[in-house]
Amino acid sequence: MDFTIEINNEQVPVIRGELLLDALNRNGIKIPTLCHMKDRMPTGACRICVVENKTNGKLITSCSVPVEEGMHIDTQSSSVAEARKTIVELLLSNHPDDCLYCVRNKNCELQNLAEELHIDDRRIRGQKNDFHLDVSSTSIVRDPSKCILCGRCVSVCEDVMGVACIDFTYRGSKSIIGTTFGKGLNISSCINCGQCIMVCPTGALTEKNHFSEIQDALANKKKTVIVQYAPSITVSLAEEFGMEAGLDINGIMNAALRKLGFDYVFDTSFSADLTIMEESAELIQRVQKGGIFPMITSCCPGWVKYAEEFAPEFLPNLSSCKSPQQMMGAIIKSWFAEQNNLRSEDIYSVSIMPCTAKKFEAQREEMTSKGISDVDAVLTTREFARFIKLYGVDIHKLDPEITDSPLGARSTAGKLFGASGGVMEAAIRTAYFKLTGKELLKFQIKELRGFAGRKETIIDVDGLKLGIAVVNGIANAKKLLDEIREGRNDLHFIEVMACPGGCIGGGGQRIGASMDDLIARMKTLHQTDAKESIRVSHKNPEIIELYRVFLGEPLSHTSHHLLHTHYMERSDVLK
Amino acid sequence: MQNLKPILEQYPDGKREYLIPILQEIQESEGYLSQKSVIEVGKYLNIPTSKIFGVATFYNQFRFEPQGKYHIQVCRGTACHVLGSSTVLHEMERILKIKAGSTSRDGMFSLEVVACIGACGLAPVININGEFHAKVTAASIQQILDQYKNTSPVDSEENQSNS
Numbered sequence: 032m033d034f035t036i037e038i039n040n041e042q043v044p045v046i047r048g049e050l051l052l053d054a055l056n057r058n059g060i061k062i063p064t065l066c067h068m069k070d071r072m073p074t075g076a077c078r079i080c081v082v083e084n085k086t087n088g089k090l091i092t093s094c095s096v097p098v099e100e101g102m103h104i105d106t107q108s109s110s111v112a113e114a115r116k117t118i119v120e121l122l123l124s125n126h127p128d129d130c131l132y133c134v135r136n137k138n139c140e141l142q143n144l145a146e147e148l149h150i151d152d153r154r155i156r157g158q159k160n161d162f163h164l165d166v167s168s169t170s171i172v173r174d175p176s177k178c179i180l181c182g183r184c185v186s187v188c189e190d191v192m193g194v195a196c197i198d199f200t201y202r203g204s205k206s207i208i209g210t211t212f213g214k215g216l217n218i219s220s221c222i223n224c225g226q227c228i229m230v231c232p233t234g235a236l237t238e239k240n241h242f243s244e245i246q247d248a249l250a251n252k253k254k255t256v257i258v259q260y261a262p263s264i265t266v267s268l269a270e271e272f273g274m275e276a277g278l279d280i281n282g283i284m285n286a287a288l289r290k291l292g293f294d295y296v297f298d299t300s301f302s303a304d305l306t307i308m309e310e311s312a313e314l315i316q317r318v319q320k321g322g323i324f325p326m327i328t329s330c331c332p333g334w335v336k337y338a339e340e341f342a343p344e345f346l347p348n349l350s351s352c353k354s355p356q357q358m359m360g361a362i363i364k365s366w367f368a369e370q371n372n373l374r375s376e377d378i379y380s381v382s383i384m385p386c387t388a389k390k391f392e393a394q395r396e397e398m399t400s401k402g403i404s405d406v407d408a409v410l411t412t413r414e415f416a417r418f419i420k421l422y423g424v425d426i427h428k429l430d431p432e433i434t435d436s437p438l439g440a441r442s443t444a445g446k447l448f449g450a451s452g453g454v455m456e457a458a459i460r461t462a463y464f465k466l467t468g469k470e471l472l473k474f475q476i477k478e479l480r481g482f483a484g485r486k487e488t489i490i491d492v493d494g495l496k497l498g499i500a501v502v503n504g505i506a507n508a509k510k511l512l513d514e515i516r517e518g519r520n521d522l523h524f525i526e527v528m529a530c531p532g533g534c535i536g537g538g539g540q541r542i543g544a545s546m547d548d549l550i551a552r553m554k555t556l557h558q559t560d561a562k563e564s565i566r567v568s569h570k571n572p573e574i575i576e577l578y579r580v581f582l583g584e585p586l587s588h589t590s591h592h593l594l595h596t597h598y599m600e601r602s603d604v605l606k
Numbered sequence: 021m022q023n024l025k026p027i028l029e030q031y032p033d034g035k036r037e038y039l040i041p042i043l044q045e046i047q048e049s050e051g052y053l054s055q056k057s058v059i060e061v062g063k064y065l066n067i068p069t070s071k072i073f074g075v076a077t078f079y080n081q082f083r084f085e086p087q088g089k090y091h092i093q094v095c096r097g098t099a100c101h102v103l104g105s106s107t108v109l110h111e112m113e114r115i116l117k118i119k120a121g122s123t124s125r126d127g128m129f130s131l132e133v134v135a136c137i138g139a140c141g142l143a144p145v146i147n148i149n150g151e152f153h154a155k156v157t158a159a160s161i162q163q164i165l166d167q168y169k170n171t172s173p174v175d176s177e178e179n180q181s182n183s
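Chains A and B, in that order, give the protein sequences.
In short: position in the first sequence from 1, add 31, done, that's this note's numbering.
In short: position in the second sequence from 1, add 20, done, that's this note's numbering.
Be careful, since some hints might not be right.
Far from chain B by the CB rule (all over 10 angstroms, computed), these chain A residues [claimed, not checked]:
1. Asn56
2. Ala114
3. Gln319
Straight-line Cα separation of at most 30 angstroms, DSS-like style, residue types lysine-lysine; simulated pairs [claimed, not checked]:
4. B:Lys25 to A:Lys214
5. B:Lys63 to A:Lys214
6. B:Lys63 to A:Lys606
7. B:Lys56 to A:Lys205
8. B:Lys35 to A:Lys509
9. A:Lys159 to B:Lys119
10. A:Lys509 to B:Lys56
11. B:Lys117 to A:Lys214
12. B:Lys63 to A:Lys205
13. A:Lys510 to B:Lys63
14. A:Lys510 to B:Lys56
15. B:Lys56 to A:Lys606
Each pair of labels, with its calculated beta carbon distance range [unchecked claim]:
16. A:Arg154 to B:Asn170: 51 to 59 angstroms
17. A:Leu346 to B:Gln167: 56 to 64 angstroms
18. A:Ser602 to B:Ser160: 46 to 54 angstroms
19. B:Asn80 to A:Thr117: 27 to 35 angstroms
20. A:Gln394 to B:Lys35: 34 to 42 angstroms
21. B:Asn23 to A:Ile550: 53 to 61 angstroms
22. A:Thr117 to B:Ser160: 37 to 45 angstroms
23. A:Leu164 to B:Cys136: 35 to 43 angstroms
24. A:Arg71 to B:Ile40: 23 to 31 angstroms
Just so you know, these hints were derived from the structure itself, not from any lab.
Glycine included, each C-beta is placed from N, C-alpha and C at the ideal position.
When you get a sec, could you build the whole thing from the sequences and use the hints?
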């Protein structure tokens, strides 16, 4: 601590250069915020964080003012209380009065503030605006009438994702966060990552829900409804039910899915193993036959769309492998259907993903076969939790169950897909084995783990030095691509995940999760990897069996037909 | 859309701060900012189009649709306001089925709100392709518009859009 300032008549130690808000929070004083985002440039736009500077009696925004020697701050004066209350009252004055019908009911920052600041009277009545709902996107619904113009979505879209498909448009009372020319999100450069939803304080941004289709399918006796869930769901769902962050409730989830009426329950980690088999074979093929480097992963649909829009010259670098979601979908509607005498049109295939972009991916034309989608509907973690509540399943009273066979077994490598660096780690383990005939001595590649935006290492495969990079947050990928554009050529394999931390921080996960929660989720995935015995995809018995009876070998003709895809440049989006 | 090259070439180093002058020149020459122009400016200055649209909509001067055959300016200055120009504007929007700042579907009329045009003695006043109409009321608008619908524009070459 460098010096002290006076806060509410007490001397409080502070660090030179820190923002007043941080100093106040550290010293046990809660300050309401709306536009504030940790570690991002403060904008001071919403002004809810005002405190009184006793020296001159002025109100200052604590989120944007650094501490100064000799400061006298009052956070409880009547003018502070009055100002904060008025700000929220003004925000509410044109806000739709439909909290009960809002998906963010009881999980809304504006609602919470109204409660905390004791707003119990409608003092200010404003004109409600009549902005249109934007339902054009396959993944994200925008309701600008619920927007309070805090700008957090704009910031995350530009700074974290490097996409910038939305910005403040128009002026004054007509201001609206919008796309270029106010067009639908579907023709903007939006990559559907959903990080805007994660930071939205209100219900202005939500996922496009697939509820009713799934309910219809579950109620339809003619349909066989099959569900798969992504690796990161089992370590994040518990939080939705008030349990500790990072708790893995895999078995209980399986039981819950059966209670909901799903006929078969599969784990996407299985098809993650399948992805690894194909992807590592592709890497080896590129090494041995002199293919295009660096090879770049293609599991993340947000990243894939970004590349199609902003980096089409790198499309040949992308692995041709479909994502685990789509591989599972394709296997279910082909081999699994055949094995169980089901017609593919009678199967309704649902996936539970930590991701809104997966909704987009599932409806891509390349992800259909003869007009039938590989995956019919996608639920986010949040929707899944609502689904469980809707059907009255008490997950606290369920006994753990295992997934169905033969598409349910997984290695821990497949499970690692849920965290940044996991795909790479899993791929390297299998590629190493395929190239050398030996298992990697220590399985963990610690250099590739954690939340850093970019992680790099060199893996020595019997003298062959593979340059590896793992990035998360598209803005970090963009920087790396720029280096490659400028001639960097020491990298062989790159993993890109759009969301910070990978899928555990995905745009479909619980809203309001803290960094500690994300760390706990990642830790659980790594612990699972440390304690189980099958730690490489090529040792997954059901994967071995699937190749034996159906696929033949990685990159076989059947594999190519079912498990690989192609990408297209998207020059027509407004970017 | 015309070729933007002559305009962009005047700003060879493509810095962000040239955005507004470039937009102004495009509007000057095209009459409005087309989607294609905005995309091209974005590429040239390396600015996302959402940002350009954000900047352009902040200012009243930029249009995003070609002007109609007849461009109507409704004065919303103080004198006109006092004498009922808001009713005039609403009636105009109702009849033309467009909002201020846009162009009717048949391309005949475009509507713009302007601050005082210096003819306060004639309030409420509107200006259609340079012709002033004085003491306009909600009741007289239909008649004024009919007048234009049935004739060719006075100076069509100058005002006709080049979309």
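Consistency of the hints with the structure:
1. Asn56: 32 angstroms, holds
2. Ala114: 26 angstroms, holds
3. Gln319: A:Gln319 clear of chain B: closest Cβ-Cβ about 39 angstroms, beyond 10 angstroms.
4. B:Lys25 to A:Lys214: 26 angstroms, holds
5. B:Lys63 to A:Lys214: The hint holds at about 19 angstroms.
6. B:Lys63 to A:Lys606: Holds, at roughly 9 angstroms.
7. B:Lys56 to A:Lys205: Distance ~25 angstroms between B:Lys56 and A:Lys205 Cα, so the pair holds.
8. B:Lys35 to A:Lys509: OK: B:Lys35 and A:Lys509 at ~21 angstroms, within 30 angstroms.
9. A:Lys159 to B:Lys119: Satisfied, since the Cα-Cα distance of roughly 18 angstroms is no more than 30 angstroms.
10. A:Lys509 to B:Lys56: Distance of about 25 angstroms is within 30 angstroms: holds.
11. B:Lys117 to A:Lys214: 20 angstroms, holds
12. B:Lys63 to A:Lys205: 28 angstroms, holds
13. A:Lys510 to B:Lys63: Answer holds: A:Lys510 to B:Lys63 is near 18 angstroms, not above 30 angstroms.
14. A:Lys510 to B:Lys56: 28 angstroms, holds
15. B:Lys56 to A:Lys606: With a Cα-Cα distance of about 11 angstroms, the restraint between B:Lys56 and A:Lys606 holds, given a limit of 30 angstroms.
16. A:Arg154 to B:Asn170: 51 to 59 angstroms: 53 angstroms, holds
17. A:Leu346 to B:Gln167: 56 to 64 angstroms: Because 58 angstroms falls inside the window, the suggested range holds.
18. A:Ser602 to B:Ser160: 46 to 54 angstroms: Holds, at about 50 angstroms.
19. B:Asn80 to A:Thr117: 27 to 35 angstroms: 29 angstroms, holds
20. A:Gln394 to B:Lys35: 34 to 42 angstroms: Because 41 angstroms falls inside the window, the suggested range holds.
21. B:Asn23 to A:Ile550: 53 to 61 angstroms: Distance hint for B:Asn23, A:Ile550 holds at roughly 54 angstroms.
22. A:Thr117 to B:Ser160: 37 to 45 angstroms: 44 angstroms, holds
23. A:Leu164 to B:Cys136: 35 to 43 angstroms: 38 angstroms, holds
24. A:Arg71 to B:Ile40: 23 to 31 angstroms: Holds, since A:Arg71 and B:Ile40 (Cβ atoms, about 26 angstroms apart) stay within the stated range.
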